Amino acid sequence: MTSEFRLDISQARPFALEVALDCVAGELLAIVGPSGCGKSTLLRMIAGLQHAASGEISLNGMTWFSGKTALSPRQRSIGYVPQHYGLFPHMTALDNVRAALHTLPRQEQINRAGEWLEKVQLASLARRKPSELSGGQQQRVALARALAAQPSILLLDEPFSALDSITREGLYLTLAELKPQLGIPMILVTHNLAEASLLADRLAVMDNGRILQHGTPAEVLQFPRNRRVAEFMGVRNILTGRVLSSASGQAVIALGEQTLSLPRALPLGSVQRWCLPQTALALQPSQQADSTLRGTVHNLIRLGDEWLVTVALPGTEDMLALQYPATEPLAIQQPVGIRLQSRHIHILED
Amino acid sequence: MDWIALGLSLKLGIMTILVLVPLALLVARWLAYRQCVGKPVIEALLAVPLVLPPTVVGYYLLVGLGSQSWLGQWLMQWTGHLLVFHFSGLLVASIIVNIPFAVQPIQRGFESIPQEVRDAAACCGMSPLRSLLTVELPLAWPGIVTAIVLTFAHTLGEFGVVLMVGGSLPGETKTIAISIYDRVQALDFAAAGNMSLMLLVFSIIVLALANSLSRRFGRRGSYHDL
Numbered sequence: 001m002t003s004e005f006r007l008d009i010s011q012a013r014p015f016a017l018e019v020a021l022d023c024v025a026g027e028l029l030a031i032v033g034p035s036g037c038g039k040s041t042l043l044r045m046i047a048g049l050q051h052a053a054s055g056e057i058s059l060n061g062m063t064w065f066s067g068k069t070a071l072s073p074r075q076r077s078i079g080y081v082p083q084h085y086g087l088f089p090h091m092t093a094l095d096n097v098r099a100a101l102h103t104l105p106r107q108e109q110i111n112r113a114g115e116w117l118e119k120v121q122l123a124s125l126a127r128r129k130p131s132e133l134s135g136g137q138q139q140r141v142a143l144a145r146a147l148a149a150q151p152s153i154l155l156l157d158e159p160f161s162a163l164d165s166i167t168r169e170g171l172y173l174t175l176a177e178l179k180p181q182l183g184i185p186m187i188l189v190t191h192n193l194a195e196a197s198l199l200a201d202r203l204a205v206m207d208n209g210r211i212l213q214h215g216t217p218a219e220v221l222q223f224p225r226n227r228r229v230a231e232f233m234g235v236r237n238i239l240t241g242r243v244l245s246s247a248s249g250q251a252v253i254a255l256g257e258q259t260l261s262l263p264r265a266l267p268l269g270s271v272q273r274w275c276l277p278q279t280a281l282a283l284q285p286s287q288q289a290d291s292t293l294r295g296t297v298h299n300l301i302r303l304g305d306e307w308l309v310t311v312a313l314p315g316t317e318d319m320l321a322l323q324y325p326a327t328e329p330l331a332i333q334q335p336v337g338i339r340l341q342s343r344h345i346h347i348l349e350d
Numbered sequence: 001m002d003w004i005a006l007g008l009s010l011k012l013g014i015m016t017i018l019v020l021v022p023l024a025l026l027v028a029r030w031l032a033y034r035q036c037v038g039k040p041v042i043e044a045l046l047a048v049p050l051v052l053p054p055t056v057v058g059y060y061l062l063v064g065l066g067s068q069s070w071l072g073q074w075l076m077q078w079t080g081h082l083l084v085f086h087f088s089g090l091l092v093a094s095i096i097v098n099i100p101f102a103v104q105p106i107q108r109g110f111e112s113i114p115q116e117v118r119d120a121a122a123c124c125g126m127s128p129l130r131s132l133l134t135v136e137l138p139l140a141w142p143g144i145v146t147a148i149v150l151t152f153a154h155t156l157g158e159f160g161v162v163l164m165v166g167g168s169l170p171g172e173t174k175t176i177a178i179s180i181y182d183r184v185q186a187l188d189f190a191a192a193g194n195m196s197l198m199l200l201v202f203s204i205i206v207l208a209l210a211n212s213l214s215r216r217f218g219r220r221g222s223y224h225d226l
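These protein sequence lines map, in sequence, to chains A and B.
For the first sequence, the working numbering gives the first residue as 1, with consecutive numbering after it.
For the second sequence, the working numbering gives the first residue as 1, with consecutive numbering after it.
If we strip away everything but chain A, and leave its shape as in the complex, we get (with noise of 0.2 Å):
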């Protein structure tokens, strides 16, 4: 049987937080949303560290949390990274992994911390102290201390905020390396989208203690449910158009003084909130007869070797962002089209 963990808890004090969310071994399922939004508390709550209201907790068919009953984080046997690691300033960087070993006869220790810091490529640091190695070079430790003692679900609490880029890329690399090996559950808190679209196999988007959607990273990317998440995933163009006629699956959407027709029936009349991905809009520098939009230039920025361009549309406040190669000259005015691929128009609720 496959380890299974599973998590719906509810609290209204201190502030709302009502989550049920699973995660299955060797997954990792990363929590993302803006700071504040609950989500380093959530972990607090997997790891026994503070607990909800009401609700359940359990992993494998073993509850943790039941409302009335809790384990404690030694009962659970989790393996949890903090923010800023949380090393024992005071040991070594071997002391620190044994740590989470003490149970084990000394050699014993001495002997798995030593395999684990192996692991980590931390074995010529052994001997010192947290003040003496690099915020990366602690992270690994952390993570090794962490996973020692071979627990049975792996917490990060936004475990790379604090580190380079580089530095991030090669602790990616490790947790990528490691990931299939575990055989556990792993939870990742992060608010850096990126990060969990490159490491996670399915996402939580969660805001104001809810989560607002999961999905694989891809899903909630492409069909973000609301504006909330499309906004927080960093999809561009989030436009608005009331539904002119809708007939044999087939519906027309005003853009403006412009229409769309895009392949799906939709409400009469409806006012309809709707996204589009960057790869299915395409700019042309002149209007032509296949142009789907017409529009002209609103602004101009220059990113790299690209332009970012926002196109005005006739008759409407909303605008459309795309990149266009910088290579090419355009102006601001400049009358250009816009191919759309209406097919990919994905229409967000609420």
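Since the hints were derived computationally from the structure, they do not count as laboratory data.
Do not rely on the hints blindly, as some may be mistaken.
Said to hold, decoys possible - Some chain A residues judged to face chain B by a derived CB distance under 8 Å, without partners named:
#	residue
1	LEU49
2	PRO73
3	ILE78
4	TYR80
5	GLY86
6	ALA99
7	HIS102
8	THR103
9	ALA194
Remember, it's a predicted structure, so these values are computed and weren't measured experimentally.
Yeah, the Cβ is synthetic: ideal placement off N, Cα and C, and Gly gets one too.
Start from chain A and add chain B according to the hints.
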């Protein structure tokens, strides 16, 4: 040189530390980690001996523990003697006036340990006792050393409370500070000077020792170096 008085002072200092510091550890740890409604009140009560004149503390102890009080009468029945004008009374008084000197530095010591470090200890499968012994006490150590030194030094120098509660019985309640006062009253400035000088040298040695102890620990890595 009043060796008996010096011995009594040292004995009082050591006994105060032995009784007070373990209690202070419990209270300070609780105060450092918990947030509760009554916490500011408790902290204020524990700090009261810091601002009250020692004679006031001594007065209340004398009245509260004396033969006229119910506590004094109960103690009389139970132990056969009163706490006042007795070494045990001196110890009780010394513990009470030293509460802030012991609790506050230890509390600061525990407060300096980041929550994450304590969380990590719990998630490493440590019991609360194991976490206390292997993680928290070593990290709070500078605060504990400070508490021990302050308590000891303060006990050696305590005068008002001791005089009120203990009187000046040689070998029982006559500490070095009181002996110095006695000698001055008797115009024996040579003896008073000797004892004062000795106390001065002794204090400097203890403070230097304590400083180097806590600094040596500091070099072993405190969280703030991270």
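Hints and how they fare:
| no. | hint | result |
| --- | --- | --- |
| 1 | LEU49 | holds (5 Å) |
| 2 | PRO73 | holds (4 Å) |
| 3 | ILE78 | holds (5 Å) |
| 4 | TYR80 | holds (4 Å) |
| 5 | GLY86 | holds (3 Å) |
| 6 | ALA99 | holds (5 Å) |
| 7 | HIS102 | holds (7 Å) |
| 8 | THR103 | holds (7 Å) |
| 9 | ALA194 | violated (25 Å) |
Hint 9 from the list above is the single one not met by this structure.
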